[in-house]
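Asks: One-letter residues, chain by chain:
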Amino acid sequence: MTGRFNAHALVGLALVLIGAGLFISAQEIHVSPAVVLLGPRLFPSIVAVALVVLGVLTIASALFGSHDGPEAGSENDTPENDWPAFLTALAGPVLFLLTVEALGFAVATALLFAAVARAFGSRRLIADLGVGLLMGLVVLLVFSYGLGLLLPVGSVFDSLLGG
Amino acid sequence: MDVFGNLAHGFAVALTPLNLMWSLVGVTLGTAIGILPGIGPALTIALLLPVTYHLDPTAAFIMFGGLYYGAMYGSSTTAILINTPGETGSLVTTIDGNKMARAGRGAAALATSAIGSFVAGVIGTLLLALLAPEVVKLALLFGPADYFALMVVAFAAVSSLLGSSVLRGLVSLFIGITIGLVGIDQQTGQSRFTFGVLELQDGLGVVLVAVALFAVGEALFLASRADLRREEIVPVKGRAFMTREDWARSWKPWLRGTLIGFPFGALPAGGTELPTFISYKVEKSLAKRPEEFGQGAIEGVAGPEAANNAAVAGVLVPLLTFGLPTSSTAAIMLAAFQQYGLQPGPLLFSSNSALVWGLIASLLIGNAMLLVLNLPLVGLWVRLLYIPQPWLYGGISVFAMLGVYGINRSLVDVMALIAIGLLGCLMRRLDYPIAPVIVGLILGPLSEIQFRRAVQISQGDLSVFVTRPISAGLLVLAALMLAGAIAAHWRGSRQAATA
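Chains as they are written, first to last, in this note's numbering: chain R, 1 to 163; chain H, 164 to 662.
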């Protein structure tokens with residue numbers, strides 16, 4: 001259980017740091033001299049103070065408290081962690097981010113779909129890529145011709161076709 | 164009162180062929196996403212927002228309303244057949260509903276939940292029609308300070324009633340409010356916390372945050388937890404319908420569930436979980452054979468399902484009359500109103516009465532459609548459960564990405580999607596509730612506006628929040644809610660410690 005308590009203490013620490021950063025940067029928001037009452041600084045400052053207080057309370061309850069409530073953590077007490085699957089799922093949107101402009105929406109969608117499907121236990125990579133590519137192409141066509149929204153076809157293909 | 168005149172007016176709007184079609188689209192889509200685990204009404208409406216931008220607002224809200232109701236019908240099917248709630252409001256249904264399905268009484272469980280949902284949906288919607296005009300009169304008395312205090316009540320409710328502890332609820336809420344700070348200050352035009360990134364000037368959109376938390380965060384969370392990914396579908400067996408005894412045991416729980424659920428939704432108490440738990444406990448204490456509860460008692464399905472749908476109807480009262488969302492779906496619907504430049508609140512009833520009453524009438528029609536969709540056609544819907552999980556989550560990720568990237572084609576949005584998705588995954592792993600983030604994100608900026616307006620009217624006097632009776636009363640209520648929830652948790656943990 002100590003591992004979980006420490007995780008909550010880290011959350012509390014992060015809240016304190018974010019709150020402090022928010023407070024400092026709130027004081028740097030430019031206020032035009034025309035603003036007499038309650039400029040754009042006050043509300044963020046209040047939120048920042050609240051974050052710090054909540055952070056301190058979170059640290060306190062993680063380190064000293066009886067923890068919070070009977071159900072706390074009951075769902076997650078004995079988690080079976082599957083880090084490879086987590087990283088594979090995370091790779092999906094990251095691959096999309098890296099490839100969408102160069103390889104186009106359809107290819108990027110295929111990579112996203114296949115990565116997430118693999119994380120959820122699918123082992124048919126070719127089939128997953130095929131389904132993902134099909135989805136991407138359908139969306140590309142519907143968006144370009146149906147809604148008039150231009151999604152990237154891919155700069156690589158553009159230069160191949162145009163060059 | 165002219166409630167019936169208003170409703171007649173509403174039916175005239177809702178019964179046009181085009182609006183009937185939108186209602187059918189909404190309830191069908193709602194049933195589907197309710198049945199599919201991993202995709203809920205808040206996420207779906209968020210994904211539909213960009214697509215419906217050019218739609219007539221009345222048509223869009225008729226669709227959203229149908230979707231909202233439909234999701235609650237569909238989620239009980241999942242709860243009964245695979246022991247996983249499609250939405251949080253069906254959590255209790257899994258207890259006895261799944262037991263009934265395993266005992267070969269799945270059809271009866273599905274029937275009592277569908278009919279119970281119908282009864283509660285119709286009564287709840289009629290109560291909404293009756294109460295809303297009265298609440299509007301109250302809302303007209305509210306000044307900016309009172310509105311701010313009301314939002315504080317919503318903040319208190321959403322963080323004390325959802326999730327496992329008040330502290331975690333408040334942390335989630337303030338994460339949402341903090342995200343809501345990013346962007347241009349609406350009163351002075353000053354940009355705040357944009358880190359010089361141009362794309363952040365308009366703030367992090369509701370669609371982006373909702374999609375990141377509900378789709379990406381959820382997928383990452385489930386991927387990281389192999390133990391949550393196993394599911395077993397119980398085939399529907401048994402008689403196609405309820406026996407005479409089933410009816411006799413169901414109708415009272417339906418009505419009691421409705422009476423328990425509606426007030427919880429209508430007061431800014433938020434959530435559908437609490438009324439379903441209360442309904443379950445009430446039915447258990449009133450039952451002739453309480454020992455059957457947990458083993459497949461039909462009352463344990465009938466009551467909570469009715470409570471769930473009545474609460475769902477109730478949530479629309481504060482949303483439409485005060486513009487106050489108390490659930491994540493309601494928060495996304497408020498964002499939808501904002502997209503059309505509409506502000507829910509007392510003025511909506513006079514300026515857009517066709518929309519409001521058309522929506523309410525279409526909810527009544529939608530309930531009838533849903534009864535047909537979920538009773539004779541339930542066998543068709545069950546097939547959705549056989550979509551392989553890898554393709555289901557792959558598909559959800561693709562639609563999530565399309566919903567975020569398709570709008571602006573901005574890579575900054577994709578990066579934000581990944582970052583907030585990771586945040587959502589972390590919150591799920593550490594058992595922080597997600598709904599307060601969405602409510603904080605939407606209500607945060609609105610509460611700042613009301614706060615500043617109130618203080619500007621009072622010429623800088625901050626005591627305005629405690630000297631106005633409505634505002635002071637609401638703030639006391641918020642404090643009591645938080646204190647009560649903390650006391651309940653404290654007592655609970657003491658009992659757990661001594662037991």
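Be aware that one or more of the hints could be misleading.
Quick list of simulated restraints, FRET-style, between CB atoms [unchecked claim]: (1) Gln622(H) with Glu101(R): 49 to 55 Å; (2) Gln506(H) with Glu101(R): 36 to 42 Å; (3) Leu87(R) with Gln622(H): 52 to 58 Å; (4) Gln353(H) with Val138(R): 39 to 45 Å; (5) Ala14(R) with Ala651(H): 26 to 32 Å; (6) Val575(H) with Leu87(R): 22 to 28 Å; (7) Ser448(H) with Ala20(R): 27 to 33 Å; (8) His217(H) with Ala14(R): 29 to 35 Å; (9) Gln502(H) with Asn81(R): 38 to 44 Å; (10) Glu408(H) with Asn81(R): 42 to 48 Å; (11) Met578(H) with Ile126(R): 38 to 44 Å.
Residues from chain R shown here face chain H by an in silico Cβ test under 10 Å; the list is partial [stated by the list, open to error]: (12) Leu42; (13) Val94; (14) Pro152; (15) Ser155.
These are calculated hints, taken from the structure and not from any lab test. Don't be surprised by glycine CBs; every beta carbon is placed ideally from N, CA and C.
Asks: All hints, please: hold or fail.
Replies: Here is how each hint holds up against the structure:
| no. | hint | verdict |
| --- | --- | --- |
| 1 | Gln622(H) with Glu101(R): 49 to 55 Å | holds, 53 Å |
| 2 | Gln506(H) with Glu101(R): 36 to 42 Å | holds, 38 Å |
| 3 | Leu87(R) with Gln622(H): 52 to 58 Å | holds, 57 Å |
| 4 | Gln353(H) with Val138(R): 39 to 45 Å | holds, 43 Å |
| 5 | Ala14(R) with Ala651(H): 26 to 32 Å | holds, 28 Å |
| 6 | Val575(H) with Leu87(R): 22 to 28 Å | holds, 23 Å |
| 7 | Ser448(H) with Ala20(R): 27 to 33 Å | violated, 50 Å |
| 8 | His217(H) with Ala14(R): 29 to 35 Å | violated, 41 Å |
| 9 | Gln502(H) with Asn81(R): 38 to 44 Å | holds, 40 Å |
| 10 | Glu408(H) with Asn81(R): 42 to 48 Å | holds, 47 Å |
| 11 | Met578(H) with Ile126(R): 38 to 44 Å | violated, 30 Å |
| 12 | Leu42 | holds, 8 Å |
| 13 | Val94 | holds, 6 Å |
| 14 | Pro152 | holds, 7 Å |
| 15 | Ser155 | violated, 13 Å |
In summary, the structure is inconsistent with hints 7, 8, 11 and 15 from the numbered list given earlier, while agreeing with the others.
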